[in-house]
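Chain by chain, the residues:
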Amino acid sequence: SQKIEQNSEALNIQEGKTATLTCNYTNYSPAYLQWYRQDPGRGPVFLLLIRENEKEKRKERLKVTFDTTLKQSLFHITASQPADSATYLCALDPSSSNTGKLIFGQGTTLQVKP
Amino acid sequence: DVKVTQSSRYLVKRTGEKVFLECVQDMDHENMFWYRQDPGLGLRLIYFSYDVKMKEKGDIPEGYSVSREKKERFSLILESASTNQTSMYLCASSSGSIQETQYFGPGTRLLVL
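Note that the protein sequences, when read in sequence, are chains D and L.
Letter by letter, the first sequence follows residues 313 to 426 of the numbering used here.
Letter by letter, the second sequence follows residues 1085 to 1197 of the numbering used here.
Extracted from the complex, chain D is given alone in its bound form:
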């Protein structure tokens, strides 16, 4: 069956450290993968998109990698801050016809302690 999985356990790290979140998928061949941030009681906000032919993408303190062989994306936040505490969702287009539909992972909650 098709699945997109993120670590459901919360990730607790100390301020200043690098947070690494994982997104694994099975039985999809997505052309791209997206990462979103969601704060409690709010809608998700887009962060980064990485295409299948890109190994790595950076935006300020954020870095995303995409390994289509492993069927995995890693999301890194360097020099983490308490304000980075949120739930992070990965998403991919499940169909080869690029309809614009996305399937979301359950999200990983990150807690950065000062």
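Hints are not guaranteed to be accurate.
Beta-carbon label-pair distances, calculated as ranges [said to hold, decoys possible]:
#	chain 1	residue 1	chain 2	residue 2	range
1	D	Ala395	L	Lys1137	39 to 47 Å
2	D	Gln326	L	Lys1137	50 to 58 Å
3	D	Thr390	L	Gly1100	47 to 55 Å
4	L	Lys1155	D	His388	37 to 45 Å
5	D	Pro394	L	Ser1149	41 to 49 Å
6	D	Gly328	L	Gly1100	50 to 58 Å
In case anyone wonders, no lab produced these hints; they're calculated from the structure.
Owing to the predicted nature of the structure, the values given are computational and were not obtained by experimental measurement.
Every residue, glycine too, gets a C-beta built ideally from N, C-alpha and C.
Dock chain L against the given chain D, drawing on the hints supplied.
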């Protein structure tokens, strides 16, 4: 800035009531989506629309219907609300381009008693 607004942040309804959730976007986006989000289950797609008067079922359409009479507005209708429809409902929009990101509204937390 893209803005997606939802008609209510919080809503309390009784079992059997007909419920309307409205979503409006101001960026002339082609695609609009309705999701529900529940703890442990993540975001699940209920319906989406890629044009006015067009709609397609998502993964969990049972008990819901939608309406898109104007490009900027996408309504989710619960014909007869049930307690298992208590959830956070999120609307999103995206342009018609491939690989476009989705822009979400603030969500409506619906409680069905």
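How the hints compare with the structure:
1. Ala395/D <-> Lys1137/L: 39 to 47 Å: Taking Cβ atoms as reference, alanine 395/D and lysine 1137/L lie about 43 Å apart, which means the hint holds.
2. Gln326/D <-> Lys1137/L: 50 to 58 Å: Hint holds: Cβ distance 53 Å, inside 50 to 58 Å.
3. Thr390/D <-> Gly1100/L: 47 to 55 Å: The hint (47 to 55 Å, Cβ to Cβ) holds, given that threonine 390/D and glycine 1100/L are roughly 52 Å apart.
4. Lys1155/L <-> His388/D: 37 to 45 Å: Holds - the Cβ-Cβ distance for lysine 1155/L and histidine 388/D, about 38 Å, lies within 37 to 45 Å.
5. Pro394/D <-> Ser1149/L: 41 to 49 Å: For serine 1149/L against proline 394/D, whose Cβ atoms are near 43 Å apart, the range 41 to 49 Å holds.
6. Gly328/D <-> Gly1100/L: 50 to 58 Å: About 54 Å separates the Cβ atoms of glycine 328/D and glycine 1100/L, which means 50 to 58 Å holds.
In this structure, every one of the numbered hints holds.
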